[in-house]
Amino acid sequence: MRITAPISRAEEIGPMLAAGADELYFGVVPLGWAERFGVSTVNRRTFGNLEDGDGLRRAVGAIRDGGGEASLALNGQQYTAERLELLLGLAERFAAAGGNAVIVGDMVLLDALDRAGLDLRLHISSIAACRNGEAALFYQDFGAARVVFPRHMTLAEMADVAAAAPELEFEAFVLNDGCLFDEGVCHTIHLPMQLGGPICMDSYELDYRRQDGHAPSASEQAALDANDEAYKRWAWHKFSCGFSTTGDGQPFGPCGLCAIPFLAAHGISTIKIAGRETPTERKLKSLGLVRDTLDRLEGGADPAALADFARSLRAGPGRCAEGYMCYYPEVMHEA
Amino acid sequence: MAVSGAPAGAIAHTEIAVAVTDGRVLPRLGVEAGRLFDALRLAPPPSARSLSRLHLGNEFCERLIPSPTLLRRAIGVADAAGLALTLATPAVPDQGLAKLRRLFRLLLDGAEVVVNDYGVLRLLAREFPALEPVAGRQLCKMIKDPRLPTEQWARLNPPGLGSPEFEALLGRFGIRRAEVDVPPFARPADLRVGGLALSVHAPFGYAVRGRVCRIGSLRFDGAAKFRSVQACAKECLRWSCRLTRPADRGNRDLDSFQRGNSIFYRHDGNMQQAMWHAAARGWIDRIVLPGDWREPDFGVLTEEDRHADHGPD
Chain D
28 MRITAPISRA EEIGPMLAAG ADELYFGVVP LGWAERFGVS TVNRRTFGNL EDGDGLRRAV
88 GAIRDGGGEA SLALNGQQYT AERLELLLGL AERFAAAGGN AVIVGDMVLL DALDRAGLDL
148 RLHISSIAAC RNGEAALFYQ DFGAARVVFP RHMTLAEMAD VAAAAPELEF EAFVLNDGCL
208 FDEGVCHTIH LPMQLGGPIC MDSYELDYRR QDGHAPSASE QAALDANDEA YKRWAWHKFS
268 CGFSTTGDGQ PFGPCGLCAI PFLAAHGIST IKIAGRETPT ERKLKSLGLV RDTLDRLEGG
328 ADPAALADFA RSLRAGPGRC AEGYMCYYPE VMHEA
Chain B
-7 MAVSGAPAGA IAHTEIAVAV TDGRVLPRLG VEAGRLFDAL RLAPPPSARS LSRLHLGNEF
53 CERLIPSPTL LRRAIGVADA AGLALTLATP AVPDQGLAKL RRLFRLLLDG AEVVVNDYGV
113 LRLLAREFPA LEPVAGRQLC KMIKDPRLPT EQWARLNPPG LGSPEFEALL GRFGIRRAEV
173 DVPPFARPAD LRVGGLALSV HAPFGYAVRG RVCRIGSLRF DGAAKFRSVQ ACAKECLRWS
233 CRLTRPADRG NRDLDSFQRG NSIFYRHDGN MQQAMWHAAA RGWIDRIVLP GDWREPDFGV
293 LTEEDRHADH GPD
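So the protein sequences, as listed, match chains D and B. Each residue of the first sequence is one higher than the one before, starting from 28 at the first, in our numbering. Each residue of the second sequence is one higher than the one before, starting from -7 at the first, in our numbering.
Each statement offered as a hint is correct.
Pair by pair, the computed Cβ-Cβ distance ranges are:
#, chain 1, residue 1, chain 2, residue 2, range
1, B, Arg273, D, Gly75, 39 to 47 Å
2, B, Arg164, D, Thr272, 42 to 50 Å
3, D, Asp234, B, Glu143, 25 to 33 Å
4, D, Arg36, B, Glu143, 29 to 37 Å
5, D, Gly75, B, Glu143, 24 to 32 Å
No lab work stands behind these hints, which were simulated from the structure alone. Virtual Cβ for every residue (Gly too), placed ideally from N, Cα, C.
Please construct the entire structure, taking both the sequences and the accompanying hints into account.
Take a look at the structure:
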């Protein structure tokens, strides 16, 4: 099983590979993009992109020299035809530099990359929301080598997809960066915080109505209020427990460490750490959590013992027991 | 909200469809479009028009996939009323594909299926080539954030829909029609997609869909809430809620509401005008109106509206 981890600066390459990442993924804004389109958003991250040109060549060289593989995120939901032109140029430069894979969310870009025949593996981004075996085979027909599962899938659903498409590799989230909705079909913008931020974090007031137009009764309103309070708590966990860390700097937030044995046993070859824009220390701490867990599994630990170990890493079992911090709460729930 | 008038002749050649999620609405379904326009506070058509198509199903939630019994009933209702039938489908896991396969077997050749999942599209192309796939709103991606403060924001990431490449790709799977929403700050040309026939949903657009459902967790406790797969009681058929932001932030927002796992917005007058002008130019040939699963009514209801749809028993 392999670990794929994010970087946002070339200086992170050495430390992340030394800490046990097998693959590093990152974004790049193509040369001329911002000037031509007046926006620097290419890959769902405005900040935290590596440089194109010489910077890209050096970064890919450093990753390969360090024994890792390089994946380039080209994972916007969709692009116009003129933007595709610049992205294909970037992919060509990445391939020429020795890059290994591009992570793609847009079908038209995937099709174009497949037809371009570059020496690159095509990975389907979680943005593409591949949730069933037919979808996996659909992407395989367009040259995909790997599918990154979207968030909010159960382990059993992932196993079904992996079984339906045995020629594909699969990758699943195991740490960081929750999303309350389904990012592949979120048609909103992460606005600046002064304008409200992401829509899922915005300060909406809720006013419920029954479909017959009536307001809730007092008891119904109480139940709705309690549900909304629980939702706020769930969202808080998904946003890294208020973007906090443990005393020794370990990140809180969405976690699937205890599910790694299941993933390994059901055809998921790669586990993903999210968080391209986070500070280097958080990236390294996250990688440490995942590497420790995976090393124990590969050292022969049984799944139950491994799950206990994973929970011990998350600042006490209480957070795990509530299930709101979990990518795969069924592991705790069914245990 | 003021109702915007449609330009003369705007919808002379535009088909009017009604979308239904809850089967209990079917017995009350009329074929006269004007009452539905009124109920939705949408600009009325310039002349008496009839509904010509029924969209059955829900694009946003696998829990709302109709049963085979309901689909058979809808086929009968549509046939009796002279309506064509479209089956709307959501993104699904493999178990959902099995449910959809059973439904596809019941459809007559040529029936439309709105797809929001490339796996569903592949299934149709392989096993049901006589059905007519339609690219749903979740495949036709565009920025539709009801909070955008200016048009400039709306233009930052223009949609790829309408590019020859996207149309060619859809065409390989037999798709000849797409469905879209009217995005905030829309201009008529935003609703022109070249070689595809275009359906537009009105007067609400969807902004974001989730798999986890807040209201669907209402009857669960603790860790059982907010799970990816939830045996909900379909609370979304009964409840919806208006979403408002503090005035200092949200005074220019489009009216927004959450229904089930998704957030929607209501078109403003300019967006309606853009839609009608696009229809007048022949760029839109179908408008899809929600027969249920829509905005809660915060105004005065008629007795008829009050019974238009209702929650679970």
